[in-house]
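Residue numbering for the sequence shown follows the UniProt record's numbering, starting at 1 and increasing by one per position.
Calculated from the structure, these hints are not laboratory results. Think of the CB as a built atom: it goes at the ideal place given N, C-alpha and C, for glycine as much as any other residue. Please note that the accuracy of each hint is not assured.
[Said to hold, decoys possible] Here are the simulated distance ranges between beta carbons:
id, residue 1, residue 2, range
1, Leu370, Ala153, 49 to 59 Å
2, Ala153, Asn84, 30 to 40 Å
3, Leu333, Asp236, 40 to 50 Å
[Stated by the list, open to error] Okay, derived cross-link-like pairs now, SDA-like style, lysine to any residue, Cα gap no bigger than 20 Å in a straight line:
id, residue 1, residue 2
4, Lys280, Asn246
5, Lys275, Arg345
6, Lys280, Gly303
7, Lys280, Arg264
8, Lys280, Trp261
9, Lys275, His294
10, Lys275, Gln311
11, Lys275, Pro323
12, Lys275, Leu309
13, Lys275, Arg264
14, Lys275, Asn246
15, Lys280, Arg364
16, Lys280, Leu184
17, Lys275, Glu260
18, Lys275, Gly229
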Amino acid sequence: MPATTAPDALLLNGHRYRYADIQEYPGHAGHDINGYEARVLDFCRQWLNGVQEFVLTTSGSTGPAQPITLRRSQLEASARRTMNHLGLGVGQRMLVCLNCEYIGGMMMLVRAFEYGLHLTITEPVSDPFALLPPDAAFDFGSFVPLQLRAVLAAGHAPRLEQMRAILIGGAAVDAGLLQLAAPLQVPLYHTYGMTETCSHVALRRLNGPEASPYYRLLPGLHAEQDARGCLAIRGDVTSQELVQTNDLVRFAAHDHHLFEWLGRADFVINSGGVKVPAEKVEQVLEVTLAELGHLGRRALVTGRPDERLGQQVTAVVEGEPLPAAAWEAVLALLRERLGRYEVPRAVYYAPQFAQTANGKLDRRATLAGLEPVMDW
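Turn these sequences into a full structure, and let the hints guide you.
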């Protein structure tokens, strides 16, 4: 059973650091530490010593990374909302395997400090359980989709089932991963948020009877749409300033606290005068690939210059090229499920999609230098 008292130390890559020693930096550096460990401990020192402002860098997954300053009160409000919603608290055990230099990992640390959870921190590797003792157990964790896939592939599902809740964030969850995770009984929540909102502001249940395509806005936050249909958020996590996103959403007719994410406005492809949401096509393509036996294949969709159409819808599929007949089978289903101008007119292949340092798909790097394999 977990302890019922707040901890006075944390574990980082297998080494124990007392909070009192961390506060007295460099007293915690009693042995050699690597650069990542030093940066994690430096944030811990700042938080434990009451620093009021923190400078972070946005993810850089869709554009140049930008510095942003967040107040302690914003981070505290975010931690309070998440922990109350999930019913987590003092003495429980938290695994932190996200990159703590970005908001997702940093907020895991803040939640643990503010709510007295026992912290076990690992490097942000694909399978964090490979770095941990086989008997290490946790009540709460957060993973990017790549990590969840690796953890399941390594046979660690029983260790996930010991948890009370798991957050999945940083990238879209593809159809293949949903299928792999479906047997899990532990609640899996896909997060919606960004650095500017101090991590997630809405959660979507991925498994079980409560699974839904809709994100539910966490209590006490306000959401609206601009003229494009893009989401804007206001609340204590934004210091009551309206944060405008480029995310196209559709509110549920009966409840504006529920919304369906449709994709980013800046990923809309104008093909023959028809506006094609790239991420909608991606989702349909990934589901189709999985149904036809190409499980685990990720896909992204982009617009390529075309003299007649302006832009033509172009698919990029991760992994080795599919045989021509296999791709034709994919296209046949896509023509049934998508509009005429939404069906990809060319396909490229990438051995492996590029990712940012915090596990998000790096579209720009993935698309750079690709050669078309098939065009029609």
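Against the structure, the hints come out as follows:
{"no.": "1", "hint": "Leu370 - Ala153: 49 to 59 Å", "result": "26 Å, violated"}
{"no.": "2", "hint": "Ala153 - Asn84: 30 to 40 Å", "result": "33 Å, holds"}
{"no.": "3", "hint": "Leu333 - Asp236: 40 to 50 Å", "result": "46 Å, holds"}
{"no.": "4", "hint": "Lys280 - Asn246", "result": "15 Å, holds"}
{"no.": "5", "hint": "Lys275 - Arg345", "result": "15 Å, holds"}
{"no.": "6", "hint": "Lys280 - Gly303", "result": "13 Å, holds"}
{"no.": "7", "hint": "Lys280 - Arg264", "result": "10 Å, holds"}
{"no.": "8", "hint": "Lys280 - Trp261", "result": "9 Å, holds"}
{"no.": "9", "hint": "Lys275 - His294", "result": "28 Å, violated"}
{"no.": "10", "hint": "Lys275 - Gln311", "result": "10 Å, holds"}
{"no.": "11", "hint": "Lys275 - Pro323", "result": "30 Å, violated"}
{"no.": "12", "hint": "Lys275 - Leu309", "result": "11 Å, holds"}
{"no.": "13", "hint": "Lys275 - Arg264", "result": "12 Å, holds"}
{"no.": "14", "hint": "Lys275 - Asn246", "result": "15 Å, holds"}
{"no.": "15", "hint": "Lys280 - Arg364", "result": "19 Å, holds"}
{"no.": "16", "hint": "Lys280 - Leu184", "result": "26 Å, violated"}
{"no.": "17", "hint": "Lys275 - Glu260", "result": "18 Å, holds"}
{"no.": "18", "hint": "Lys275 - Gly229", "result": "14 Å, holds"}
In summary, the numbered hints that this structure violates are 1, 9, 11, 16.
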